[in-house]
Amino acid sequence: MSEQNIKEKNSALEWIKPILIAIGIVLIIRMFLFEPYLVRGESMNPTLEDGERLFVNKTVKFIGEIEKGDIIIIDGENERYVKRVLGLPGDTLQAKNGILFINKKEVNEPYLKENEKDAAEAGQLLTDDFGPVEVPENEIFVMGDNRTNSLDSRNGLGLINKKRIIGKSEFVFFPFNEVGKTE
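When we follow full-length UniProt numbering, the leftmost residue of the sequence shown carries the number 1, and every step to the right adds one.
Check each hint, because a few of them may be wrong.
[As the list claims (entries may be wrong)] Here are the simulated SDA-like cross-link-like pairs (lysine to any residue), alpha carbons at most 25 Å apart as the crow flies:
| hint | residue 1 | residue 2 |
| --- | --- | --- |
| 1 | 58 | 159 |
| 2 | 163 | 65 |
| 3 | 105 | 138 |
| 4 | 113 | 131 |
| 5 | 113 | 66 |
| 6 | 162 | 37 |
| 7 | 68 | 164 |
| 8 | 58 | 35 |
| 9 | 68 | 125 |
| 10 | 68 | 139 |
| 11 | 68 | 136 |
| 12 | 96 | 109 |
| 13 | 117 | 148 |
| 14 | 163 | 67 |
| 15 | 162 | 22 |
| 16 | 96 | 113 |
| 17 | 68 | 96 |
| 18 | 68 | 53 |
| 19 | 68 | 110 |
| 20 | 104 | 133 |
| 21 | 113 | 51 |
| 22 | 104 | 151 |
| 23 | 113 | 170 |
| 24 | 117 | 42 |
[As the list claims (entries may be wrong)] Distance ranges between label pairs, derived from CB positions:
| hint | residue 1 | residue 2 | range |
| --- | --- | --- | --- |
| 25 | 22 | 149 | 38 to 48 Å |
| 26 | 122 | 35 | 31 to 41 Å |
| 27 | 49 | 22 | 28 to 38 Å |
| 28 | 14 | 38 | 30 to 40 Å |
| 29 | 13 | 136 | 49 to 59 Å |
| 30 | 91 | 155 | 16 to 26 Å |
| 31 | 111 | 38 | 12 to 22 Å |
Calculated from the structure, these hints are not laboratory results.
Ideal Cβ positions, reconstructed from N, Cα and C, are used throughout, including at glycine.
Full structure from sequences and hints, please.
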């Protein structure tokens, strides 16, 4: 092998190592830390809209706790769902006359104001009556913010086992005019 060929081979190896390391780091980050997610559907409108892209914090599965009000991504049989956590193990949820109660206390949900107005104009309640539903150990109760158009714990998804939680929504990164923390 000539000296020129050896230099070319070493040069190629110098490029391949950092590329492989970078790919490895990206895979580790995506598998264990953060993952992009594309919102599909209208169940979380107006908080999250169809087509928005957000980052999901996957560390919550390992080192964090899910709290009421968190927006999470759930692994379904054929698709993933984005929903808001409303009930934790031991909670009892019920809706009466459009008002959500957790453990017999009325819940203030300021993120629903726009949807409540739209439902009232349509002559309907945003949150139909349900319950009481008691949340067992290792399960959570979720609903979409667009309650009139959401498949959730009330009507099809049922209670969600904590093992099905992929992660917690942290912030929207696209479209750029919507960039910001999800709440």
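field: Hints the structure fails to honour
entry: Of the numbered hints given earlier, the structure breaks just one, which is hint 15.
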